[in-house]
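Engineer: From first to last, the protein sequence lines are chains A and B. Counting in my numbering, the first sequence runs from 141 upward without gaps. Counting in my numbering, the second sequence runs from 2 upward without gaps.
Worth double-checking, as some hints may not be accurate.
As a list, the in silico DMTMM-like pairs of lysine to aspartate or glutamate whose alpha-carbon atoms are at most 20 Å apart [what the hints assert, rightly or not]:
no., chain 1, residue 1, chain 2, residue 2
1, A, 329, B, 36
2, B, 51, B, 14
3, A, 149, B, 84
4, A, 149, B, 14
5, B, 5, A, 150
6, A, 149, B, 8
7, B, 5, B, 84
8, A, 149, B, 6
9, B, 74, B, 14
10, B, 35, A, 330
11, B, 91, A, 153
12, B, 5, A, 153
13, B, 91, A, 150
14, B, 35, B, 59
15, B, 74, B, 30
16, A, 149, B, 88
Restraint ranges, calculated between C-beta atoms of paired labels, are given here [claimed, not checked]:
no., chain 1, residue 1, chain 2, residue 2, range
17, B, 93, A, 328, 35 to 45 Å
18, B, 53, A, 160, 23 to 33 Å
19, B, 56, A, 186, 51 to 61 Å
Just so you know, the hints here were simulated from the structure itself, not pulled from any lab data. Don't be surprised by glycine CBs; every beta carbon is placed ideally from N, CA and C.
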Amino acid sequence: MEEKSLNSKESLELIAHMIQSTRSKLEKGGSIYFLIWGYISFITTIAVYAALTLSGNPHYNWLWFAIPVIGVPTMAFFQRRTPEKNTTFLGRIIGYVWLVIGIVVMFVPVVSIFLDFRFPILAVIGILLSIGVTLTGLIIEFKTFWIAGLICIALSFCTLFVKGMDQIIIYGIIIIVSMIIPGHILKRKESRQ
Amino acid sequence: MNFKELDPLLHSELRLSIISILISVESADFNFIKETTGATNGNISVQIEKLKTAGYIDVEKRFRGKMPQTVCKITPKGVTALEQYVEALKSYIDL
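Take these sequences, add in the hints, and give me the full structure.
Structural biologist: Written out as structure tokens, the structure reads:
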């Protein structure tokens with residue numbers, strides 16, 4: 141782009157074009173976070189299911205903590221590698237939503253260790269994650285996300301009505317529907333832009 | 002017809018592009034501006050410096066990890082200047 145003077149019409153067209161062009165690039169890059177957390181959560185869910193089924197030893201539930209232990213450094217690695225190209229109000233809001241949800245999700249299993257009754261951890265975490273996905277979809281106006289989020293809120297409530305290993309199966313489905321599938325759809329959309 | 006004076010600083014293709022990008026975001030990285038405008042590094046640097054000197058944008062140089070990063074942000078003065086520029090343009094094309 142050379143520096144040149146513009147007539148009035150060209151100037152207005154240029155302003156409109158630049159604003160439009162900037163907006164179309166804004167949400168690019170968000171899919172990687174859904175895919176990272178989605179796959180780490182799903183693989184951990186399979187590992188816990190397999191370990192509990194094969195051994196019957198409830199101590200294998202500690203494997204759930206692999207999600208933050210692997211997820212947090214992986215996220216940090218990708219954030220450092222990917223330069224932050226721009227910040228927007230919407231991007232900041234989405235960041236805050238996931239920060240709050242992430243902290244609460246990490247506290248739920250820790251607090252439940254000290255409870256003397258059976259706390260529905262997977263249902264509560266499922267509901268929290270699904271709320272995050274729904275809100276993200278509504279904020280960025282991406283239909284796939286909020287529909288997937290609402291389906292998973294319903295699925296999370298379903299986990300309250302099933303017992304034992306079936307809860308883990310439903311939780312695995314929640315991860316696929318709320319994070320992995322929308323993450324891939326968003327990634328495909330990003331690569332088309 | 003009463004024509005309003007156009008701000009000469011904004012009445013240039015690249016500077017107007019940069020300000021238009023920055024009005025759409027809270028802040029933008031140098032590379033994002035380069036990618037969106039398609040202009041060269043040198044040209045963008047010169048125009049950013051002019052906008053900064055006029056007080057239309059703030060420029061912050063920082064590190065993200067080991068990578069140096071130049072982040073630009075429009076100032077309230079820049080927002081007002083663009084609003085006045087658009088108002089002036091409207092008087093020329095009779096909107």
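Engineer: Take the hints in turn and mark each one as holding or not.
Structural biologist: Hint check results:
no.	hint	verdict
1	A:329 to B:36	holds (19 Å)
2	B:51 to B:14	holds (13 Å)
3	A:149 to B:84	holds (16 Å)
4	A:149 to B:14	holds (12 Å)
5	B:5 to A:150	holds (17 Å)
6	A:149 to B:8	holds (15 Å)
7	B:5 to B:84	holds (13 Å)
8	A:149 to B:6	holds (15 Å)
9	B:74 to B:14	holds (19 Å)
10	B:35 to A:330	holds (19 Å)
11	B:91 to A:153	holds (12 Å)
12	B:5 to A:153	holds (19 Å)
13	B:91 to A:150	holds (12 Å)
14	B:35 to B:59	holds (17 Å)
15	B:74 to B:30	holds (9 Å)
16	A:149 to B:88	holds (13 Å)
17	B:93 to A:328: 35 to 45 Å	holds (43 Å)
18	B:53 to A:160: 23 to 33 Å	holds (25 Å)
19	B:56 to A:186: 51 to 61 Å	holds (57 Å)
In the structure shown, no violation is registered for any of the earlier numbered hints.
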